[in-house]
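Residue numbers (this note's numbering), protein chains in the order written: chain S, 59 to 246; chain H, 70 to 207.
Rather than coming from a laboratory, the hints here were simulated on the basis of the structure.
The structure displayed is predicted, hence computed values, not measured ones.
Each residue gets a CB set at the ideal place from its N, CA and C atoms; glycine is no exception.
Keep in mind that a hint or two might mislead.
[What the hints assert, rightly or not] Beta-carbon label-pair distances, calculated as ranges: (1) 149/H <-> 89/S: 28 to 34 Å; (2) 231/S <-> 97/H: 38 to 44 Å; (3) 88/S <-> 101/H: 31 to 37 Å; (4) 95/S <-> 171/H: 48 to 54 Å; (5) 89/S <-> 180/H: 42 to 48 Å.
[Said to hold, decoys possible] Computed footprint of chain H on chain S, listed as stretches where at least three residues anywhere in the stretch have a Cβ under 8 Å from a Cβ of chain H: (6) 70 to 80; (7) 139 to 148; (8) 166 to 177; (9) 194 to 207.
So the chains spell out like this:
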Amino acid sequence: MSTAEQSKRPGLAVWLPLGLFAGFLALVIVGLYWPADREVSSAFIGKPLPAFDLPPATDERPGLATAQFQQGGKPRLLNVFASWCVPCAVEAPQLAALAKQGVEIDGVAIRDRKEDVARFLGQYGNPFARIGKDDLSQVQLAIGSSGVPETFVVDGKGIIRYQHIGDIRQEDIPLILRKLAEAEGGAQ
Amino acid sequence: MRGLLLALLALIALSAPLAAQDMLPPAPYAYKQLADPAQERKAQALMETLRCLKCQSQSIADSDAPMAGDMRHQVRTRIAAGEEPEAIRQWLIERYGDYVSYTPQVKPLTWPLFAAPLLFLALAAFLLRGRFRRSKGA
Numbered sequence: 059m060s061t062a063e064q065s066k067r068p069g070l071a072v073w074l075p076l077g078l079f080a081g082f083l084a085l086v087i088v089g090l091y092w093p094a095d096r097e098v099s100s101a102f103i104g105k106p107l108p109a110f111d112l113p114p115a116t117d118e119r120p121g122l123a124t125a126q127f128q129q130g131g132k133p134r135l136l137n138v139f140a141s142w143c144v145p146c147a148v149e150a151p152q153l154a155a156l157a158k159q160g161v162e163i164d165g166v167a168i169r170d171r172k173e174d175v176a177r178f179l180g181q182y183g184n185p186f187a188r189i190g191k192d193d194l195s196q197v198q199l200a201i202g203s204s205g206v207p208e209t210f211v212v213d214g215k216g217i218i219r220y221q222h223i224g225d226i227r228q229e230d231i232p233l234i235l236r237k238l239a240e241a242e243g244g245a246q
Numbered sequence: 070m071r072g073l074l075l076a077l078l079a080l081i082a083l084s085a086p087l088a089a090q091d092m093l094p095p096a097p098y099a100y101k102q103l104a105d106p107a108q109e110r111k112a113q114a115l116m117e118t119l120r121c122l123k124c125q126s127q128s129i130a131d132s133d134a135p136m137a138g139d140m141r142h143q144v145r146t147r148i149a150a151g152e153e154p155e156a157i158r159q160w161l162i163e164r165y166g167d168y169v170s171y172t173p174q175v176k177p178l179t180w181p182l183f184a185a186p187l188l189f190l191a192l193a194a195f196l197l198r199g200r201f202r203r204s205k206g207a
């Protein structure tokens, strides 16, 4: 290589490492401030609730079976919760508020003991019409739920219409009510 | 006061979601191998390629999260019942999407992933061919 060739464009080559570093830095900043969405949403929305028949999770309420969702009534909420789950306690007032407005809520208690469920309901209130006991997370896996709490809107035909991941906050209530209304409209 | 307490609870929930653990013993087949070694091998191979949904950079074979244990139980009992590993993978993909599987599937969205190495090989061959020809001429 001649020296003439080398001196042709040293300017650009000198800046390349810095440019690469700046690009890397930008990538880090983007990753820090806008982290990727780590929620895994269910791919089962729009599909019928899989068949299950769970025993009661508490003596106060009956268990939960798929057939109860297919009787053509109002859309219902299916709340996946657990007594050992802290955000589930946080969303309890919101579920109570929904129940007060006439929303029917069924629960699936994940990996829970009867005495713990009873204590949880005693402490935070019981908005549920029925509660099934899911000791092996079988129903949770069957509907594509990846954690607690999660809440599904199920229409009168037993079709899953909407999934809310995480605890229901005060500001989520209008959205949940709208999804219930939409599910009711679609079921007719 | 109540609002403050709830806010505090929410904070705790956000900062340490994995601290919450249930009191139930692990599922029967969460930590127990299948009696048939051939079936257990199949189950193990599948479990190593399924993502734990609680601790997303681990496979369900690696994770001690209770949900991963329940998924292992599900996989092992289905394999024991004679179900094919790929059918179980499909069952999970139907529910959680492709993300649950560590093995990429060939489909319209992912074919460039599989085609890219071939394209680069072809490009390299093309570039090198020119270079070899030049060196031969020199």
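Violated hints, by number in ascending order, as checked against the structure: 1, 3, 4, 5 and 6
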